[in-house]
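Going down the list, the protein sequences come from chains A and B. Note that the numbering used here has the first sequence beginning at 1, numbered continuously upward. Note that the numbering used here has the second sequence beginning at 1, numbered continuously upward.
Worth flagging that the hints you see were computed from the coordinates, not collected in a lab. Where is the CB? At the ideal position from N, CA and C, for every residue including glycine. Among these hints, one or two may not hold up.
Said to hold, decoys possible - Quick partial rundown of chain A residues pointing at chain B, CB under 7 angstroms, derived from the structure:
no., residue
1, L38
2, L98
3, V113
4, V119
5, P120
6, L123
7, A127
8, W130
9, A134
10, C181
11, F235
12, I262
13, G270
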Amino acid sequence: MTLRAMRRFLDNRNVLGLAFMLPAGVLLLLFLTYPLGLGTWLGFTDTKIGRAGQWVGLDNFQYLAGDAVAQLSLFNTLFYTAVASVIKFALGLWLALLLNRNLPFKSFFRAVVLLPFIVPTALSALAFWWMYDAQFSVISWALMKVGLIDRYIDFLGDPWNARFSVIAANIWRGVPFVAICLLAGLQTISPSLYEAAALDGATPWQRFRFVTLPLLTPIIAVVMTFSVLFTFTDFQLIYVITRGGPLNATHLMATLSFQRAISGGSLGEGAALATMMIPFLLAAILFSYFGLQRRAWQQGARD
Amino acid sequence: MSANATTPVKEDIEAQGMSYLDSLPRRVVTVYMPLGVFVFVLLFPFYWMATTALKPNAELLSREGNPFWVVAPTLEHFRHLVFETPYPDWMLNTIIVSVAATFTSLAASVFAAYAIERLRFHGSRQVGLAIFLAYLVPPSILFIPLAAIVFKLGLFDTRWALILTYPTFLIPFCTWLLMGYFRTIPYELEECALIDGATRWQILTKIILPLAVPGLISAGIFAFTLSWNEFVYALTFVSSSEVKTVPVGVVTELVEGDVYHWGALMAGALLGSLPVAILYSFFVEYYVSGMTGAVKE
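With the rest of the complex left out, here is chain A (with noise of 0.2 angstroms):
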């Protein structure tokens, strides 16, 4: 082959796509794609840390579906992921119209807003953890002088408040996610609507609704498919603040799966709670993705 034949050889776009394509292709196909593949089959097997297991066929899955703590953490995760995303999204779309209005020092504010997403997780959540110190939490102490509590709140101690105190960690921490995100959506609708809606006599709520809301509808989709996603696997700030207790009453699957796995050295059992995961996830996705997708075409259609 000659110098020039090679080079044009090179120049192909097949040939140079997949020379490209290879260093990316590699890694994810490594540590991605033959993970999820090799998850999926410890599923199957009962292996330990440090044995090759059999195949046990679903006896992992059997195990589990009548296993109390393995079903708590089901509803923990659910309930989780439910609860924090609505709120999240509410106070996320708040917080975006708030920023959007003219405000002086807007672009401060947004730095500043964004804050508890970025720093790492774990760290941020030991603060909470301090926070909600049965014995020197500053929430409760501030609750006691303006006086409407009496006692110090045992926000870890007790299996509801434990659920709602994660819960209000991760909502702290995504709200910012969702709020700049939707901001970034609202910047794009031109401001001749809303001049156009009021003229036609469009009260602030009717161009919220009419205009704003169809018009966010699909970034929406977008990032509360994201938010779910974060939501559901969490694991970081659970890990943190209450390694699954007070007796497994804030367990989410991810964390039952690592302490199963990881802690138990049941890799198996562990990777078949990680399996389990998939269908979840999935629908949440098919669910608030294409969910809100038909309506905005609904919307489109309509008009």
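Since the structure of chain A is already known, use the hints to place chain B on it.
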């Protein structure tokens, strides 16, 4: 809404963003007060981190006085952290791992994004879709099989375990972002270069990359913070203190026994958050455009 009926002009002006015609008391109640509450709640944990880190132990464990203020600030907790714990090691590890993972991912992503977006090789659309789907795979599902793979490759308890696994979430993100960025660069520039006899490699390094610097910065900043904040992989693939990253080290080694050293814990949390916070403050616009760009595409 009777007020609106009497003053339709006012509402119209507000819609144009000229809300300064709104009465001040109304703006205070509908905008500034809610915004103030949001900012207070979102920033309070950081304030609490900082004051706790500066308080001497006696002040921390007393219920007397105002906990919101530090009476006698001390750097004792920071001294303890730097000189009596492996904290400096964790910091160094986090920097090494984050920088290495970011650059590896960025390099791989530039080639991948260019190939998908501009070379348009056979099947590039499907590969682009696969990259997006890879972006949606959460680490919580992958860490167990990845632990098995890391162990088999003999990488367990080394920095390489983290440097090689972080790209699994960084590459999809960076590629997706850069694809969007490359799309905004006019195709004509490449055509001119091709006619002038440039090779694909020359086009990439001399035309596309210089034009894509803002996109590269966005992707790089975002990738760096993502790897700095990573927790599950670092918790699972590393067990000895010398190779731990800051988030994992603080959570697993500073929390011991029944007596929590809140001062040192908060000092560790604060120091570990500062680098990303500072980096972020310099590149806010790039960061925001990276985050929203990835969502909007």
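Hint-by-hint comparison with the structure:
1. A least Cβ separation of about 4 angstroms between L38 of chain A and chain B falls short of the 7 angstroms threshold, and the interface hint therefore holds.
2. Residue-level restraint check for L98 of chain A holds (minimum Cβ-Cβ distance to chain B is 5 angstroms; threshold 7 angstroms).
3. A hinted interface residue such as V113 of chain A counts as satisfied when its beta carbon comes closer than 7 angstroms to some beta carbon of chain B; here the least separation is about 6 angstroms, so the hint holds.
4. Nearest Cβ of chain B to the Cβ of V119 of chain A: about 4 angstroms, under the 7 angstroms cut. The hint holds.
5. Satisfaction of the interface hint for P120 of chain A is found here, the shortest Cβ-Cβ separation to chain B being roughly 4 angstroms, below the 7 angstroms cut-off.
6. Satisfaction of the interface hint for L123 of chain A is found here, the shortest Cβ-Cβ separation to chain B being roughly 4 angstroms, below the 7 angstroms cut-off.
7. Restraint check, A127 of chain A versus chain B: the minimum CB separation of about 4 angstroms is within 7 angstroms; hint holds.
8. Checking W130 of chain A against chain B by beta carbon gives a least distance of about 6 angstroms; that is within 7 angstroms, so the hint holds.
9. Proximity of A134 of chain A to chain B is violated relative to the hint, the smallest CB-CB distance being about 11 angstroms (cut-off 7 angstroms).
10. Annotation: C181 of chain A was flagged as interfacial toward chain B, and the flag holds, the nearest CB pair being 5 angstroms apart, inside 7 angstroms.
11. A hinted interface residue such as F235 of chain A counts as satisfied when its beta carbon comes closer than 7 angstroms to some beta carbon of chain B; here the least separation is about 5 angstroms, so the hint holds.
12. The beta carbon of I262 of chain A is positioned within 7 angstroms of a beta carbon in chain B (closest approach about 6 angstroms), and the interface hint is therefore held.
13. Proximity of G270 of chain A to chain B holds as hinted, the smallest CB-CB distance being about 5 angstroms (cut-off 7 angstroms).
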